[in-house]
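Turn these sequences into a full structure, and let the hints guide you.
Protein chains: 2
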Amino acid sequence: MNLLENLKWRYATKKFDSSKKVNESDLKKLKEAIQLSASSFGLQLYKVLIIESDQIKEKLKPASWEQTQITEASHIFIFCNYTKVIDKNIDDYINLKSKSLNIGTKDLEGYSDFMKNSIGALSEDMQKVWTAKQTYIAMGNLLTACAELKIDACPMEGFDIEKYNDILALDSKDLSAAVITAVGYRSGEDATANAPKIRKSIDDLFEII
Amino acid sequence: MNLLENLKWRYATKKFDSSKKVNESDLKKLKEAIQLSASSFGLQLYKVLIIESDQIKEKLKPASWEQTQITEASHIFIFCNYTKVIDKNIDDYINLKSKSLNIGTKDLEGYSDFMKNSIGALSEDMQKVWTAKQTYIAMGNLLTACAELKIDACPMEGFDIEKYNDILALDSKDLSAAVITAVGYRSGEDATANAPKIRKSIDDLFEII
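Residue numbers (the working numbering), protein chains in the order written: chain A, 1 to 209; chain B, 210 to 418.
Keep in mind the hints are simulated off the structure, nothing from the lab. Everything numeric in this text was worked out from a predicted model, so none of it was measured. Treat the hints with care, as some may be off.
[Said to hold, decoys possible] Pulled a few chain B residues facing chain A out of the computed Cβ check, cut under 7 Å: (1) Met210; (2) Leu216; (3) Lys240; (4) Glu241; (5) Leu245; (6) Ala247; (7) Ser249; (8) Gln253; (9) Val257; (10) Ile260; (11) Ile346; (12) Gly349; (13) Leu352; (14) Glu357; (15) Lys409.
[Claimed, not checked] Across the chosen pairs, the derived CB separations fall in these ranges: (16) A:Gly158 with B:Ser309: 21 to 27 Å; (17) A:Asp87 with B:Glu267: 34 to 40 Å; (18) A:Ser18 with B:Lys315: 42 to 48 Å.
Even for Gly, the Cβ is constructed at its ideal location relative to N, Cα and C.
Here is the structure:
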């Protein structure tokens, strides 16, 4: 099975070869894997910033506990969730759906109201948590896409969200950095590359009922 | 690219053919895809219940807004996050790592303390949110694994967490249902099967910096 082979191949890369860059054609595929990710109601309530700029990477590094992946990796993917859900988010989706399915927005009004009511019932804090969770599905797909293309990646939560939001001016856009991934090619000196994968046993992880 | 083809093939299945069951060999692969999922620090702070019992499915259905996927799908995967992180969770991981790498736990003490301090600094509410987020990576991998095996799936958040925790007696195990996925085979009558996928454009979703 391709997926299993790819998941076994990947590892959280600690040291990247900064001379190697992910090419445009592969970047396009990585973006498409993220774009195709499932999300609650299909709303995709996040934006993904892809950092190529060395200058921005240098600014992000101290906000990432000085982890060297930030400056040595080819690209940093920053998954940013919307911090609140407004009617416009739902209306945008309904318009997209209406166009794709070639039906009037009037016919989608019931579904639109259902979403608005369901999401409106959540506190702003709960909305924020909910949109952040969705980014983890997309981030997981990025890891899988990288592995299929034999691109290395390191998913990271070890960064200062407030500092990231500040550096990237996310607050004013109602966005917040949720999780990031450094993407590029492993350095020959990455000692962790050949370490065995540590995973709970199937018996520990699952229960059939 | 296999992943992109598989992601395009899949859709959130609304109607399953209840006569078709996922076989043991495929189930094993689905479990392995979940097991291989990335997680923060590699801790995998969740458990996955796989519901085969028709009786339990019947109990879960009213707690899932009567959605028919619950009783018609072959298996329901319930991703349950740990609601608090205790030292034992970290110690278990350290023991696993020590055995896998054939090094003494003493040599991993620094890393163990680092994890304990980082996670200990989070409030219980934040710990719960954090462990729940990790389940979304695993759930995403389940969707991808299903697609590769041409098994249908429906990821679902539309269920009553408290009722699930009650029915499955999760509270006493410090677990909580985070997200679920119905897995099986689409019914020929599922009208949504051939609907075009609705996704934001690449330009809307990404920003290169």
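Going down the list of hints, with the structure as the test:
Below 7 Å, beta-carbon pairs count as interface contacts, and B:Met210 has one with chain A at about 6 Å; its hint therefore holds. For B:Leu216, the shortest C-beta to C-beta distance to chain A is roughly 4 Å, which falls under 7 Å, so the interface hint holds. For B:Lys240, the interface hint holds, since its Cβ comes within 7 Å of a Cβ in chain A; the closest pair sits about 6 Å apart. The beta carbon of B:Glu241 comes within 6 Å of a beta carbon in chain A, closer than 7 Å, and the hint placing it at the interface holds.
Of the supplied interface hints, the one on B:Leu245 holds, with its beta-carbon coming within about 4 Å of a beta-carbon of chain A, less than 7 Å. For B:Ala247, the interface hint holds, the least distance from its beta-carbon to any beta-carbon of chain A being 5 Å, beneath 7 Å. At a threshold of 7 Å, the smallest CB-CB gap from B:Ser249 to chain A is about 5 Å, leaving the interface hint in force. With 7 Å as the threshold, the beta carbon of B:Gln253 comes within range of chain A, its nearest partner Cβ sitting at about 5 Å, so the hint holds.
Taking 7 Å as the C-beta cut-off, the interface hint given for B:Val257 holds, the closest approach to chain A being about 5 Å. Below 7 Å, beta-carbon pairs count as interface contacts, and B:Ile260 has one with chain A at about 5 Å; its hint therefore holds. For B:Ile346, the interface hint holds, the least distance from its beta-carbon to any beta-carbon of chain A being 4 Å, beneath 7 Å. Annotation: interface hint on B:Gly349 holds; nearest CB of chain A at approximately 4 Å, less than 7 Å.
At about 6 Å, the closest approach between the beta carbon of B:Leu352 and any beta carbon in chain A falls short of 7 Å, and the interface hint on this residue holds. Annotation: B:Glu357 was flagged as interfacial toward chain A, and the flag holds, the nearest CB pair being 5 Å apart, inside 7 Å. Of the supplied interface hints, the one on B:Lys409 holds, with its beta-carbon coming within about 5 Å of a beta-carbon of chain A, less than 7 Å. The supplied range of 21 to 27 Å is met by A:Gly158 and B:Ser309, whose beta-carbon atoms lie about 22 Å from each other.
Checked against the given bound of 34 to 40 Å, the beta carbons of A:Asp87 and B:Glu267, roughly 37 Å apart, stay inside it. Evaluation of the 42 to 48 Å hint for A:Ser18 and B:Lys315 yields a failure: the beta carbon distance comes to about 34 Å.
Consistency note: the structure conflicts with earlier hint 18 alone.
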